[in-house]
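Knowing the structure of chain Z, use the given hints to seat chains G, A and E on it.
Number of protein chains: 4
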Amino acid sequence: MHTLPVVVINFKAYEQIYGEKGLSIAKYAEKSSLENDISIYVAPPIVDIQQYAKVLSIPVIAQHVDPVEASRNTGFITVEMLKSSNAYGSLLNHSEHPISLHDASISINKLKSMGMKSIVCAPTSEEASALSMLSPDFIAIEPPELIAGNVSVSKAKPELITDTVEKVRKVMPKMPILCGAGIKDGADVKKAVDLETDGILVASGVVMSKDPQKALDELVKAF
Amino acid sequence: MHTLPVVVINFKAYEQIYGEKGLSIAKYAEKSSLENDISIYVAPPIVDIQQYAKVLSIPVIAQHVDPVEASRNTGFITVEMLKSSNAYGSLLNHSEHPISLHDASISINKLKSMGMKSIVCAPTSEEASALSMLSPDFIAIEPPELIAGNVSVSKAKPELITDTVEKVRKVMPKMPILCGAGIKDGADVKKAVDLETDGILVASGVVMSKDPQKALDELVKAF
Amino acid sequence: MHTLPVVVINFKAYEQIYGEKGLSIAKYAEKSSLENDISIYVAPPIVDIQQYAKVLSIPVIAQHVDPVEASRNTGFITVEMLKSSNAYGSLLNHSEHPISLHDASISINKLKSMGMKSIVCAPTSEEASALSMLSPDFIAIEPPELIAGNVSVSKAKPELITDTVEKVRKVMPKMPILCGAGIKDGADVKKAVDLETDGILVASGVVMSKDPQKALDELVKAF
Amino acid sequence: MHTLPVVVINFKAYEQIYGEKGLSIAKYAEKSSLENDISIYVAPPIVDIQQYAKVLSIPVIAQHVDPVEASRNTGFITVEMLKSSNAYGSLLNHSEHPISLHDASISINKLKSMGMKSIVCAPTSEEASALSMLSPDFIAIEPPELIAGNVSVSKAKPELITDTVEKVRKVMPKMPILCGAGIKDGADVKKAVDLETDGILVASGVVMSKDPQKALDELVKAF
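Residue numbers (this note's numbering), protein chains in the order written: chain Z, 110 to 332; chain G, 110 to 332; chain A, 110 to 332; chain E, 110 to 332.
Bound conformation, chain Z alone (with noise of 0.2 Å):
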């Protein structure tokens, strides 16, 4: 369905990166997909997923969708308008927008049935493999301390990554899952994939790098 693993950038609401600056690591990280032959997402702000899925042939995803028709509900994000503006899919209930279950089944099934894809976050393994019987795309699993820190998931808290794969591969044994928070180097993504994850989520660690090609380049390059 979709080719593991995956390299996630989310561009978060970081001021640094609206319009072109943001376009630039975008497109960078496009190039990067194709010479490296590894699937890269890209998730900006929400005023300029339009202007990134026209000119990238990488997916763009939304941050965040609501669990609302598209109709009236003045101010709302609907699954439609994602559609029309060619977005791939949706990150969905990361910690700093958590939602209610109910909504989470709601916008999980609701992309699904118009071909996109959702990424849902999860803070603890528990919760991963909650979310994982909803039947997401992808469980990314992040918890909220290590987030935009210093110390990555991976060195810091291995056996949360490893008690994540063993809870949600027991219920839904071809989920793939991600890796998030504080993913900052190779070795950090050499242990993910030790670890068995299909992937990373990375915001900070890119996106606010002093030189975000490099910062990406290490990455990918640790698959």
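If you are wondering where the hints come from, they were derived from the structure by calculation, not from laboratory data.
Any given hint could turn out to be false.
No distinction is drawn between identical chains; accordingly, a pair holds when it is met within one copy or between any pair of copies.
[What the hints assert, rightly or not] Cross-link-like lysine-lysine pairs, in silico, PhoX-like; alpha carbons within 25 Å at most: (1) Lys219 / Lys130; (2) Lys163 / Lys192; (3) Lys219 / Lys266; (4) Lys319 / Lys140; (5) Lys330 / Lys266; (6) Lys221 / Lys276; (7) Lys136 / Lys163; (8) Lys136 / Lys192; (9) Lys283 / Lys221.
For chains G, A and E alone, coordinates are given in the frame of chain Z:
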């Protein structure tokens, strides 16, 4: 500060107006604004806001903005994103998207500090007067029971407008007041003008009309 | 751990059962529990919970608890408040009060660590299996469209129960499953038992009945 | 309507005051109220409210109430529940429990229609003046950065009080204004009185004090 009266067109999340279809309505609004020398603002879905702002000379506003910093905050809409998209401002507290008073205060002040406008919706005259104390650029009175209906606020509940105008002007004498919910034809607009409001907030009456151009023409010419 | 089957009576926020009126229904439930040797839990309004727990020997549970610490947090309900009120546990995630998966996880774990029980509601079989991964003490399946209605889940949607039992037991073989929404008479209960659930969650069918004692008798005797 | 000044004691969710411990503080407050001829209201945890109201002659208020009907609505706190518990009213919009302006409006009006009082908190002078337009019975100004701290609003930010009094009284000349956050001793109270407020809202300064009676004495005697 702004040329009154103002017609604000809220595109909501109606699927029918995503992309080109909505943009053509907005382009007609731009033409109408210039020909009739009347301010028209358009509020497209957030994914389309950048594209609208790129091709239009009339103000493009968001339907909502989150009270969060332009930093981490995955999946949120920041004032800075709107600024970088060349948006003119944002609607806030629409009855389909109610926010806390504190969040309204944060967003109004942040928009102001970045040179952008806020249009704050209220469902009752009491709440309109309360929100006017936060010094937004516009107050829009919209009784939720009339939204998307066939009976207009100016005909069905003229006392609601009279009452709002009185309560708001008592504490904020110069606050521009828009009148929304169910505005359908020129008679509604005339009534709104008679009741001393400074413009209208219209949604389905234009964007879901069989003939949006004709619908807009009728509203604009009634001023 | 708990004697099955279990009948949980949710008093909701119905004004008719505040104070003495509800307590007399609960006292009858206690009598019925002892006479019929069946577990009956009562979930009164939060203001009444202390009084119920003082006079009843059957388990008294809350209808909701907030995932916050017993410290500042003005206006919230803590697990510690329930403990100090001698409550036995709490319902969580009722479809009238949905919570995030993360909050469900926090509350289930906190209740467990303080020796109390959690009964987690789910509106679909998929969400029931997801929530069961958090290891609550009970899962209660309640399709919202049947709540407070006249058609019971066991008659109208038996496949929903069968499906839930199958999905939940596949990943959590020993998880007690309650069946709710529209349970009205003994036939509903028999059906629920036939479908291998471990009890029922009932609200208006008892507490809003013209004759709550008779209504409860019929349900209890059907086990 | 109410005898001013008023001292409101917010017990928050502090575990230390559940049950008898808090009730003994409340009983001392009752004694102090009678001896010093000053209004003292107590706001215990919601589980304790009925017991407090049963044994005390001073007003007992809730810390929060939900804007929902007394019907279905599992796990919510209704105004009717407070009424049936003989509560005198409720705090609303505490900075630890912010609510939408619309919900504030619903709850203020419902409390009023049932003969009960509302005390609405605001973190800034601007929001205080906005909320005063909803005609609650009291406005309480509480800058969140001072809550539970050691520096009082009257000493650290006297201009915040002066500003609030001015803004609120300009639009609502007779609105009683309480001053909260970090009130610790008699000097704080004297300052609050000098600045023309009508009382104080105190929490940790009394209920978490080593000697709550002495702490309350000092506050009360300063009026």
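We went through each hint and held it up to the structure:
no.	hint	in the structure
1	Lys219 / Lys130	between (32 Å within a copy, 23 Å between copies)
2	Lys163 / Lys192	both (13 Å within a copy, 21 Å between copies)
3	Lys219 / Lys266	between (34 Å within a copy, 23 Å between copies)
4	Lys319 / Lys140	within (19 Å within a copy, 45 Å between copies)
5	Lys330 / Lys266	within (23 Å within a copy, 53 Å between copies)
6	Lys221 / Lys276	both (24 Å within a copy, 20 Å between copies)
7	Lys136 / Lys163	both (12 Å within a copy, 21 Å between copies)
8	Lys136 / Lys192	both (21 Å within a copy, 23 Å between copies)
9	Lys283 / Lys221	within (17 Å within a copy, 31 Å between copies)
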